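J.: Chains A and B, in that order, give the protein sequences. Per our numbering, the first sequence starts with residue 73, numbered consecutively. Per our numbering, the second sequence starts with residue 73, numbered consecutively.
Derived by calculation from the structure, the hints in this document are not laboratory data. Heads up, a few of these hints could be off.
The list treats identical chains as one, so a pair stands whether inside a single copy or across any two.
[Said to hold, decoys possible] Below, simulated SDA-like cross-link-like pairs (lysine to any residue); rule was C-alpha separation at most 20 Å, straight line:
#, residue 1, residue 2
1, K311, A185
2, K261, A251
3, K261, R365
4, K261, T104
5, K261, L324
6, K158, R355
7, K261, G484
8, K261, E99
9, K311, Q332
10, K516, Q561
11, K158, L358
12, K261, L106
13, K158, E362
14, K158, G113
15, K516, T232
16, K261, P92
17, K261, T232
18, K158, A210
19, K158, S359
20, K311, S367
21, K261, E397
22, K516, L506
Since we're looking at a predicted model, the values are computed, not measured.
There are 2 protein chains.
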Amino acid sequence: MAKKLSTLPLNLRGPKPRMPLYRWLYEELRTTILAGRLHPGARLPATRDLATQYGISRPTIVTAFEQLRSEGYVEGKVGSGTYVSKTLPDELLQAPRAKSEARTRRRGIPLSAYARRLRPLPRSESRSARAFRASQPALDAFPTGLWAQVAARRLRRVSTRLLAGGEALGYRPLREAVAEYLNTSRGVKCTADQVLIISGVQQALDRAAHLLLDPGDPVWIEEPGYPGAAVVFRAVGAKICPVAVDSEGLNLEAGRRRWQQHPRLVYVTPAHQFPLGVTMSLRRRLSLLEWARRSRTIIFEDDYDSEYRYSGRPIPALQGLDRAEVVIFAGSFTDVLFPALRLAYLVVPSDMVDIFAAAESVSTHHPPLIDQAILCDFISEGHFARHVRRMRELYAERLSVLVESAGLRLAGLLEIPVVEAGLRTVGWLQGGILAERVAQAAAKYDVEVVPLSRYAYGRARSDGIVLGFAAVDARELRRGVEQLGRALQGCRP
Amino acid sequence: MAKKLSTLPLNLRGPKPRMPLYRWLYEELRTTILAGRLHPGARLPATRDLATQYGISRPTIVTAFEQLRSEGYVEGKVGSGTYVSKTLPDELLQAPRAKSEARTRRRGIPLSAYARRLRPLPRSESRSARAFRASQPALDAFPTGLWAQVAARRLRRVSTRLLAGGEALGYRPLREAVAEYLNTSRGVKCTADQVLIISGVQQALDRAAHLLLDPGDPVWIEEPGYPGAAVVFRAVGAKICPVAVDSEGLNLEAGRRRWQQHPRLVYVTPAHQFPLGVTMSLRRRLSLLEWARRSRTIIFEDDYDSEYRYSGRPIPALQGLDRAEVVIFAGSFTDVLFPALRLAYLVVPSDMVDIFAAAESVSTHHPPLIDQAILCDFISEGHFARHVRRMRELYAERLSVLVESAGLRLAGLLEIPVVEAGLRTVGWLQGGILAERVAQAAAKYDVEVVPLSRYAYGRARSDGIVLGFAAVDARELRRGVEQLGRALQGCRP
Numbered sequence: 073m074a075k076k077l078s079t080l081p082l083n084l085r086g087p088k089p090r091m092p093l094y095r096w097l098y099e100e101l102r103t104t105i106l107a108g109r110l111h112p113g114a115r116l117p118a119t120r121d122l123a124t125q126y127g128i129s130r131p132t133i134v135t136a137f138e139q140l141r142s143e144g145y146v147e148g149k150v151g152s153g154t155y156v157s158k159t160l161p162d163e164l165l166q167a168p169r170a171k172s173e174a175r176t177r178r179r180g181i182p183l184s185a186y187a188r189r190l191r192p193l194p195r196s197e198s199r200s201a202r203a204f205r206a207s208q209p210a211l212d213a214f215p216t217g218l219w220a221q222v223a224a225r226r227l228r229r230v231s232t233r234l235l236a237g238g239e240a241l242g243y244r245p246l247r248e249a250v251a252e253y254l255n256t257s258r259g260v261k262c263t264a265d266q267v268l269i270i271s272g273v274q275q276a277l278d279r280a281a282h283l284l285l286d287p288g289d290p291v292w293i294e295e296p297g298y299p300g301a302a303v304v305f306r307a308v309g310a311k312i313c314p315v316a317v318d319s320e321g322l323n324l325e326a327g328r329r330r331w332q333q334h335p336r337l338v339y340v341t342p343a344h345q346f347p348l349g350v351t352m353s354l355r356r357r358l359s360l361l362e363w364a365r366r367s368r369t370i371i372f373e374d375d376y377d378s379e380y381r382y383s384g385r386p387i388p389a390l391q392g393l394d395r396a397e398v399v400i401f402a403g404s405f406t407d408v409l410f411p412a413l414r415l416a417y418l419v420v421p422s423d424m425v426d427i428f429a430a431a432e433s434v435s436t437h438h439p440p441l442i443d444q445a446i447l448c449d450f451i452s453e454g455h456f457a458r459h460v461r462r463m464r465e466l467y468a469e470r471l472s473v474l475v476e477s478a479g480l481r482l483a484g485l486l487e488i489p490v491v492e493a494g495l496r497t498v499g500w501l502q503g504g505i506l507a508e509r510v511a512q513a514a515a516k517y518d519v520e521v522v523p524l525s526r527y528a529y530g531r532a533r534s535d536g537i538v539l540g541f542a543a544v545d546a547r548e549l550r551r552g553v554e555q556l557g558r559a560l561q562g563c564r565p
Numbered sequence: 073m074a075k076k077l078s079t080l081p082l083n084l085r086g087p088k089p090r091m092p093l094y095r096w097l098y099e100e101l102r103t104t105i106l107a108g109r110l111h112p113g114a115r116l117p118a119t120r121d122l123a124t125q126y127g128i129s130r131p132t133i134v135t136a137f138e139q140l141r142s143e144g145y146v147e148g149k150v151g152s153g154t155y156v157s158k159t160l161p162d163e164l165l166q167a168p169r170a171k172s173e174a175r176t177r178r179r180g181i182p183l184s185a186y187a188r189r190l191r192p193l194p195r196s197e198s199r200s201a202r203a204f205r206a207s208q209p210a211l212d213a214f215p216t217g218l219w220a221q222v223a224a225r226r227l228r229r230v231s232t233r234l235l236a237g238g239e240a241l242g243y244r245p246l247r248e249a250v251a252e253y254l255n256t257s258r259g260v261k262c263t264a265d266q267v268l269i270i271s272g273v274q275q276a277l278d279r280a281a282h283l284l285l286d287p288g289d290p291v292w293i294e295e296p297g298y299p300g301a302a303v304v305f306r307a308v309g310a311k312i313c314p315v316a317v318d319s320e321g322l323n324l325e326a327g328r329r330r331w332q333q334h335p336r337l338v339y340v341t342p343a344h345q346f347p348l349g350v351t352m353s354l355r356r357r358l359s360l361l362e363w364a365r366r367s368r369t370i371i372f373e374d375d376y377d378s379e380y381r382y383s384g385r386p387i388p389a390l391q392g393l394d395r396a397e398v399v400i401f402a403g404s405f406t407d408v409l410f411p412a413l414r415l416a417y418l419v420v421p422s423d424m425v426d427i428f429a430a431a432e433s434v435s436t437h438h439p440p441l442i443d444q445a446i447l448c449d450f451i452s453e454g455h456f457a458r459h460v461r462r463m464r465e466l467y468a469e470r471l472s473v474l475v476e477s478a479g480l481r482l483a484g485l486l487e488i489p490v491v492e493a494g495l496r497t498v499g500w501l502q503g504g505i506l507a508e509r510v511a512q513a514a515a516k517y518d519v520e521v522v523p524l525s526r527y528a529y530g531r532a533r534s535d536g537i538v539l540g541f542a543a544v545d546a547r548e549l550r551r552g553v554e555q556l557g558r559a560l561q562g563c564r565p
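Could you build all of it, start to finish, from the sequences and the hints given here?
T.: Below, the structure written as structure tokens:
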């Protein structure tokens, strides 16, 4: 009986392909012990029985037993009998419980206050682009071959030093290239020492929020505005204070009337307001800076989409007018090149460089270094500037296709204002048509539009939709306008 | 007089190469206005005077004036006189103040509590590797050509979809490859759904700290232990509770005696304790899990350096023994491949996947997608497993060189215990030699060693140093031992 017990009831599953036999036996025995089918103190099958039963060599079995012994599952010496260890706690000897939502909820691992405030940012669409995808540049026109060439050249001659990792602030030559680009093209006044390379503007927001805001601190955001900013500020516990946008940008006076308390930080998109497209006037810029200086408020300038301007002249960045070092300036490479890249830059006042570097060092060490080097090559070889010029022409064309077909097909239903810059525009619905209904109807016609209300923290106009015109070609834009026309007809009140 | 005033005192600096003339003139006039050399209300020089004085065409000047007017710097119409705008606030009309530390400190932009607690993680050495660099794999043996090939192949056939970005959790095929690798090689029990791709273990720590800890929450860390963990927990305001490490790993009983309050989280390196190299015993693992389950404590298992084991057998991860879903498991690709890569993985209990994904979406969207795809190709084509095998052999060789030469040259001065795994070892100083003195003396002999005390949060033994043996070749290791011998001789009390 004893002999039978030691050999038969184990009923191990047969050896697995590509797994060494000793490993298989070890795992099967371990599972058997943990599942309670071999109790603490139970004798393990004799090696010769196992050898006969499973047709494996005794040395293999001895190896498996030794592993089990070295890990404390079994005790005793091979030859004089091997026994399941008595020190295994009860918990491990139960059969694995079935996974259940109930159990998960019951155990209740507490989350931090930050986690409880956190809301996910919806991911961008995974299906291929269609009219009027707003969150994407013209990836069909991205020079992948050229990028691959530049990357391959850098990768072939990569140095041990580059492989070893770099500074928290980013790859120095890239920081210099960015400083030069920003000084020349964006009117930003900075040295490379103030430039940090980061993994996207979203990370810049997250970093600034963590470093500058405590729970309860008021933060002004534009209304309507970029939802990725509000979600970050909310997660750190800031008090979100939406401020209306008028034809000159964020309405400072309206904000001061509405919110008694001075904010700690103001988030703005002065070059090209997200999503309305307004450019902040110089007068408004100067008032905002002066007020921020007096009230010790930090201005976070998101230089979103500023590379693409079709009419009017570029107005230099708010940062370039700042004499009091209150502006943090952020811009991204991902909208110009491709979103998967996750590289952006941050220009911070010189006395904030160290604390931003410390945060980077503690949270990620630094952004991936080879990507930074490839991007740096792409810029310094002139490809970046050429790509921006090419895309500006392409987007101007696509914009005019949208405006012309909308003028022909959507007259009386949708009015598109003059678009000076960017990859998207707002469209104003006519005759009482409601944006939320349009978005639903458009989806049925295989067209994407976003109601303006999705970008509002509080109340929003119900007659605005956002249309992207950069991601798809003229033909798809025309199809989109036709289909949107049908959708709009069906939404008339 | 009026005419003279309007033309002479401006004294603009001459046109700049590569800058359009209108842009140069615009910038010079703007600077002049902002510096107060042209007061609000002052009349600008007549276009014909400027044309004569600087030898540029009048249309160029008109363009510059119009830009200034569109931005609100000047008022009036070309022809009837152009005047500096009266709405410029005083602040902008002062000459830029010289940068000074004093001013920076005086303005006092307040930082968050998080920022005030933040301490930077020192960056790794930028000079090339020498004996006994501990923080680096053998980059001299990294197959850069092969990596470049795999990368180039992926980049050439990159899809628009890949360029568009991906899921917060990471590139799905990579998550599947990681799950398979961890199940097979590390005894981790998980599905791909529980695997998150992140930008390094440091980020995994940062993420977990933000999601699970509130200020004041106690956290146990190993003493001595990985400083990158303590710095993260400290920054979120956790109460750091160091717990001694004995021959079985983190000493649970010592921790319970020393700290009354249950911790919210325990950080451990069970595979190969950092920096002592101890492997946590099975008995200790089981007790730790059982205690964590009862006290609802999260265990953060850092599977640091576990790929390289030279003797003994690999013990499966703590995570693989966990039935109560209390273990968060983290491991990195950067120690196996190269630090600049910044890619790692996190395996979290299934009910925590969503919150970790939300944090990723809000703070960075996702790690760079093409890097993930390249790494995935590198793994699925078998290169990763081959590289680990090759490196394991190389490191075993390098380790034996260190042990042998130390046995010959450092007998009576330094004792190296049996090294079972990893890229580094502790060395115990003999005869009362002090580690801090050795580190200083070694630096003079062009050798790097780290005193154990640098890895301690509180008190630490003063007779331990950490030596890396993976980063440099046999010859450099022998040189290092010779030189260290000289340094040690000079440190005898």
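J.: Could you tell me which of the numbered hints above are not met by this structure, giving the numbers in increasing order?
T.: 5, 7, 15, 17 and 18
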